[in-house]
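Starting from the known structure of chain E, fit chain V onto it as the hints suggest.
Protein chains: 2
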Amino acid sequence: MRDKGNNNKNINKGNLKFTAAVCQLKVTDNKTHNLNGAQKMIEEAALRNADIIILPEMFNCPYDSTYFKRFSEDYPGETTGLLSMLAALHSVYIVGGSIPECDKDRNRIYNTSYSFDRKGALIGRHRKIHLFDVDVEGGISFNESETITAGSDMTVIETEFCKIGIAICYDMRFPELIRKMVLSGAQIIAVPAAFNMTTGPAHWRLLARTRALDNQVYFIAASPARDKTASYVAYGHSLVANPWGDVISEASEKEEIIISEIDLGFVNKIRKEFPLLKHRREDVYKTK
Amino acid sequence: MRDKGNNNKNINKGNLKFTAAVCQLKVTDNKTHNLNGAQKMIEEAALRNADIIILPEMFNCPYDSTYFKRFSEDYPGETTGLLSMLAALHSVYIVGGSIPECDKDRNRIYNTSYSFDRKGALIGRHRKIHLFDVDVEGGISFNESETITAGSDMTVIETEFCKIGIAICYDMRFPELIRKMVLSGAQIIAVPAAFNMTTGPAHWRLLARTRALDNQVYFIAASPARDKTASYVAYGHSLVANPWGDVISEASEKEEIIISEIDLGFVNKIRKEFPLLKHRREDVYKTK
Chain E
1 MRDKGNNNKN INKGNLKFTA AVCQLKVTDN KTHNLNGAQK MIEEAALRNA DIIILPEMFN
61 CPYDSTYFKR FSEDYPGETT GLLSMLAALH SVYIVGGSIP ECDKDRNRIY NTSYSFDRKG
121 ALIGRHRKIH LFDVDVEGGI SFNESETITA GSDMTVIETE FCKIGIAICY DMRFPELIRK
181 MVLSGAQIIA VPAAFNMTTG PAHWRLLART RALDNQVYFI AASPARDKTA SYVAYGHSLV
241 ANPWGDVISE ASEKEEIIIS EIDLGFVNKI RKEFPLLKHR REDVYKTK
Chain V
1 MRDKGNNNKN INKGNLKFTA AVCQLKVTDN KTHNLNGAQK MIEEAALRNA DIIILPEMFN
61 CPYDSTYFKR FSEDYPGETT GLLSMLAALH SVYIVGGSIP ECDKDRNRIY NTSYSFDRKG
121 ALIGRHRKIH LFDVDVEGGI SFNESETITA GSDMTVIETE FCKIGIAICY DMRFPELIRK
181 MVLSGAQIIA VPAAFNMTTG PAHWRLLART RALDNQVYFI AASPARDKTA SYVAYGHSLV
241 ANPWGDVISE ASEKEEIIIS EIDLGFVNKI RKEFPLLKHR REDVYKTK
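Those protein sequences? They're chains E and V, same order as listed.
Heads up, the first sequence is in my numbering, so the first residue is 1 and it goes up one at a time.
Heads up, the second sequence is in my numbering, so the first residue is 1 and it goes up one at a time.
Quick caveat, the hints were computed from the structure, so don't treat them as lab data.
Some hints could be false.
No copy labels: a pair is met if it fits in one copy or bridges any two.
What the hints assert, rightly or not - Taking lysine-lysine pairs in the BS3-like style, the calculated list, with each CA pair at most 25 Å apart, reads:
hint : residue 1 : residue 2
1    : K180      : K286
2    : K278      : K180
3    : K163      : K272
4    : K163      : K119
The shape of chain E in the complex, shown without the other chains (with noise of 0.2 Å):
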């Protein structure tokens, strides 16, 4: 168990609150100009005293498969570069949202997510596992598939505060996957993201608000800003869930940063008082 009565933001193993921003900025088809604007809003971040900083899915290039394999990066590349960069200079932590990655011989894209810890160094890479394919009549149709290939393993990084699980976008349709975590010790959920205009308004705040819920974590969702112009229309409303289920913190459709104060001391007090996690019935939930 961790002190309860650390509340200092100093940078050592024990802190129980600190904080988390969400970058909630605006994707344009100019990869330049969309990483110029992830520094800007990662130094105003850092300026307001930010932890960690969580950017969207897909926040250098635009959510459109004929983008892509042009913007895509191998790692080390332009990007990571840049975040890992900005991490170490401003001693924070970077869940750099999503980008696509190309392999060596770009033959193949992943739709994939770096985090970077306060010295710049790599801690996390996760490729999106669940893939969006799906055609709603009179809403949304994309086929993610058709460019790029999925991943096939869970992430939860480690930080000085707790470990973190990190999903993308449709992979928080999955209550296994954020379980999984969760019961790999995850204390937060971070998820680069980008619902649309069909999914957004109907399943957004109440995915969020369950997983955090069910799981008695922090879910921290990010979005693009909305750009009615753009071929795939982000719904923007990048928010922050805490263990009781309640939006503690929730962005407009604009671009714009989110603060949220995040108290383990919430999630020890909540496991404790409703102890979900503890009475789960792994017996019956097996296939026999």
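Using the frame of chain E, we list chain V on its own:
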């Protein structure tokens, strides 16, 4: 696939549309009064063309540890006999809420839901698996396991329409159980429940909607009416959520019946357009 054109309400396999009713009755400390009340509401629901009638948790007994033993019955007993008779008389399915069930020796008490088909035959017995042992600061405190023994089996009943998963109240907090029922073929989840004035406003709609959405099922949650004089005050607000996560009918806190059209064609449509269940990555979720 079922015949999409068949919208008749005849009693035969293959119907995609049918009517569900939830009887949100007020539970008192008089068992005879509770059974009379249930009978009247079942009769009214049948008159309103219900095919399936769902009652709330502990509909014949106050949700109060001091009553469970005294009100408990072995099977068959007074309450189950009445439900069986009414199911046959009105030719309806009844998901009989739950009642305190005792074993022959009256040593153990379970929180048990009995279901009956249109001929009054018993088609399911679900003993609540997850017991409600919580102690929320400034809110609800209850220790169900003090008096109730937990069940250990998932319950999915067969009807002429589809399979229906049965869970009781706190069971619905556990996404694993609901998912397992759905992977076993359930297209409806019926949940006799009794959320309270702490968890009801905070979580009732949220959980019902997300379970429906994640699993692409109709989720039917039945509560007793609110009685502010009871030791445990039920929230009410019985509701039905559809596979897109929308609430399609909801009661107030008072004694009332809600009627919903269930359309398995809509389940099929959502599962085709937005194939969440097909997109599951069992290879990733399994523990290595």
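We went through each hint and held it up to the structure:
1. K180 / K286: Result: close both inside a copy and across copies, 14 Å intra and 9 Å inter.
2. K278 / K180: Result: close both inside a copy and across copies, 14 Å intra and 19 Å inter.
3. K163 / K272: Answer is within; shortest intra-copy Cα gap is 19 Å, inter-copy 36 Å.
4. K163 / K119: Answer is within: at 17 Å inside a copy they meet the 25 Å cutoff, but 54 Å across does not.
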